[in-house]
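Colleague: Note that the protein sequences, when read in sequence, are chains F and L.
If you use the numbering used here, the first sequence corresponds to residues 1192 to 1371, in order.
If you use the numbering used here, the second sequence corresponds to residues 21 to 237, in order.
Calculated from the structure, these hints are not laboratory results.
Careful: at least some of the hints might be erroneous.
Pairs of lysine-lysine residues, derived as DSS-like cross-links and limited to a Cα-Cα distance of at most 30 Å, are as follows [what the hints assert, rightly or not]:
no.	chain 1	residue 1	chain 2	residue 2
1	F	K1193	F	K1298
2	L	K100	F	K1193
3	F	K1298	L	K100
4	F	K1202	L	K100
None of the values given here were measured: they were computed from a predicted structure.
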Amino acid sequence: MKALESVLVEKGLVDSAALDAIVDYYENRVGPRNGARVVARAWTDPDYRARLMNDATAAIAELDFNGRQGEHMVAVENGPRVHNLVVCTLCSCYPWPVLGLPPVWYKSAPYRSRAVIDPRGVLAEFGTVLPDDTEIRVWDSTAEVRYLVIPERPAGTGNLTEDELAALVSRDSMIGTTLI
Amino acid sequence: MNGAHDMGGMHGLGPIAPETDAPVFHHSWEARVHAMTMASPTRSNIDAGRHQRELIPGPDYLRMSYYEKWLTGLCALLLKHGLVTPDELARGQPDPGRARATPLLAAAAVPGVLSRAGSYEREATTRPEFVPGDRVRAANINPTGHTRLPRYVRGRIGVVERCHGAHVFPDSNAHGQGEAAQPLYLVRFEARELWGADASAIDTIRLDLWESYLAPA
């Protein structure tokens, strides 16, 4: 691996400082806090929620979240009888601008193989148990469209500010493996 | 290709291991592989990059970690395009007398480039054949090249939920045969249509599928 980097840098195919900047970007500039801000805004601003459900790419760009692996965004809402779960069975497609880079388990064979055939079993491994009459909608990211789950706003949070609400929103709840 | 990567519906691949508070990269080499893949001149064709990782032999694909697959795919693409030689990779030094290139991506440009919204949508050259509500059957095809039609939906009937417009067609683009954009649809399948009577009666699975994967049903 070091040999590869040395060759690419020496040949002028990549710039070493650019690699540092890319690592910094994905370690510090994108991550699930971005998605949590989108969710909290949708919970508190009905007009924003409407724009998000109509054109998520544009609504997310309003908050300055853009870029690679978020070119075509769709937001999917959980409700009392509907739960959404996102997977990429063929590789590891994931909405980087709002969730950052995917966790290891999301990219792993056990998750990719079973999310589509046994979503309730997969959810149980995250401690998430849903009523039998809740429809689970699994989204297999087979194209360049990326899906963001909008979890249900927890009860008893009517007094919280948008920032306080954002702090409640976990990464896994926006993939759909957990509830809030 | 019917490779190990097309794993939707398989059993027996082990338990899921959720991690909380995991770092973005578990090892510094993973970060370098990620960054090199993003900065490499080979980055311009995302479909070719995916296909290169699919070409990793199945037993290796299942054994390797995610970034081992990325490293393997990157090296293979660099070799394929003649950007490095096997000797250079082995020695970690350029062959003598080779002209030095200019990197495509400079450090100062990185945040702007990574946060710029591109698009895989192209101007439509044909009218979409399907509209929301149409019943469609996914093709039974088994190409040996790249495809984004997973085995688990081939031959199955679903319902079109929306058209995303015309998108770059990976089955063509991955092989350098042009973008060949065609309408892309969100298609809903009932769990029982895919997995039989033992599956939930109410759960559904949605995929984004290109028009040539679909026929009226």
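Colleague: In ascending order, which of the hints set out earlier in this document are inconsistent with the structure?
Modeller: none
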